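Q: Place chain B on chain A using the hints.
Below are the chains, spelled out letter by letter.
Number of protein chains: 2
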Amino acid sequence: MILTVTLNTALDITYRVRGLRPHASHRVSEVVERPGGKGVNVARVLAALGHRVTVTGFAGGATGEVLRERLSDGVPGSVLRERPAGGGGPVDALVPVSGATRRTIAIVDELTGDTTQLNEPGPQIAPAEWGTFLDRYEELLAGASAVALCGSLPPGVPVGAYANLVRAARAAGVPVLLDTSGEPLRRGVAARPDVIKPNADELAELTGSHDPSRATRDARRRGAHAVVASLGAEGLLAVTPEGHWRAVPPARLTGNPTGAGDSAVAGLLSGLVERLSWPDRLLRAAALSAATVRAATAGDFDPAAYRDLLGRVAVSGEAGAA
Amino acid sequence: MILTVTLNTALDITYRVRGLRPHASHRVSEVVERPGGKGVNVARVLAALGHRVTVTGFAGGATGEVLRERLSDGVPGSVLRERPAGGGGPVDALVPVSGATRRTIAIVDELTGDTTQLNEPGPQIAPAEWGTFLDRYEELLAGASAVALCGSLPPGVPVGAYANLVRAARAAGVPVLLDTSGEPLRRGVAARPDVIKPNADELAELTGSHDPSRATRDARRRGAHAVVASLGAEGLLAVTPEGHWRAVPPARLTGNPTGAGDSAVAGLLSGLVERLSWPDRLLRAAALSAATVRAATAGDFDPAAYRDLLGRVAVSGEAGAA
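Which chain is which? The protein sequence lines are A and B, in order.
Each position in the first sequence, counted from 1, maps to that position plus 230 in this note's numbering.
Each position in the second sequence, counted from 1, maps to that position plus 230 in this note's numbering.
Isolated chain A, as found in the complex:
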């Protein structure tokens, strides 16, 4: 089982409107709700790839109830047609909290195609709730083949939370991928996670360098065993103990990049537990990421585009100490 941790889960709400104008009143023509937060998105893609996956983190309030109902309803629209046996939707191991799970609102303007995003901060997590989570996490690690720690921290969770969770995973012998930003990333990296997957902005904020090649090397010196930087249309740049590679999609993609990074994380993790080589992991991650940009619904991936892209992503680089 692959474990994904989403401390700040979300009920992702997408509104379609005709022409968003500040100070005006808008009739929403379509409302779509689904479970969200980076680790939940990663789990959805892993389940679609046929992996057994468990979701933990926090959920509470009416929004948390809707999130949990939808999670157990399965993952309509994002499932590969030829789903491998042994799959199934993500298993819900979320820890209940008294505060309400946050909403995120994506307002899609039908006239321009632009998306405007509003993110609630998330519930206040009490110290006892954080303690309950730590116990649950330790239990879940015992059955996990890999763990992904994803996204922002809700109020009340200590800023060094991910450093703790990385150390616990390493102590349990479970490979750990960290995908966050800012101070939680800085502290988490120092606890020596197996993989981090920053985007260009997160990498620059961590290292102070806007040169991706230089910044990925610096991030390794700070503690990450492997760094996979997601560079948008320029694909993925990986610097690992086994070598360094770049995976580039065939052409500049048009579409919605929401969730592309989460799909890349799912590609990396699934490749890790399937013991693929680094070039094959990066190929999968880049193809999933590009197939997510091309999907009709934000955060889903297009299975046909994924299969097509597997043959068209270019991976270059070399093995050996980076």
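No lab work stands behind these hints, which were simulated from the structure alone.
All figures in this text were calculated on a predicted structure; none of them were measured in a lab.
All C-beta atoms, glycine included, are put in the ideal place defined by N, C-alpha and C.
There are no misleading hints in this set.
A few chain A residues that don't get close to chain B, going by computed Cβ distances all over 12 Å: (1) S302; (2) G473; (3) A544; (4) G547.
Just so you have them, the derived chain A footprint on chain B, three or more residues with Cβ under 8 Å: (5) 249-258; (6) 292-302; (7) 341-354.
A: Here is chain B on its own, set in the frame of chain A:
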């Protein structure tokens, strides 16, 4: 008991953000949720004035549950300090439906003070649910001293719904106020409600005239016994069988006009059941409306401002057939 009908109840959510920019991502600094929909707002003000009030209409889904919980929690922040005995919060007589109660999102820009509004359409109401509501409405009318029919119709409710509800109220001998717009207003007016309270736009849409004086007379010819037009900063214009009057607040008000019309409806209805004269009803309605513009929270009214404005609203006009 005063009955208010809100067929399209809402969970009103207010977000504070620093600078709303289309196509950008925003962190919401404050989230406030409360029960909404015009009739719910009217009920909140009536309860604050010390009237016994019952709320009916539809509620469903997780948003409907939150709405009902908050409704029974009472109405913090909007209650007059010297609340008359016999008051209490609105009584919940909402009819459960399988669809989810809509959300409205008000995005307040901290930099400009502007509000941007997003309104979900509301749940699909099944014919059987509409039938259940009609039975409930008839039962509730038996104990009502007046009824207000407020706001838009959710999908699935017949466009002539308010005409039916007006006729049922008149058959039961219960005075009925209608506050809606468009085709539901046009059809509802033809069923001869005791009072309608259109704003300038609604009145122009109903009658085709942008001259409020002419349009109010025309609206009466279409079937409304009394027409009270809410004209924003210019106050209220009433044309009734007993005479015609105008109630004007002392000065152009600055603040948030959200809910000012609902407060005016509460003023008119409470004055009706207390058998106040038309000038006194209008005085109360205009003062409540202005005190709502001045309140810190959208849709609440400021009790101190209300008491002050009662002495400062100017009512002019004359009794006699209009």
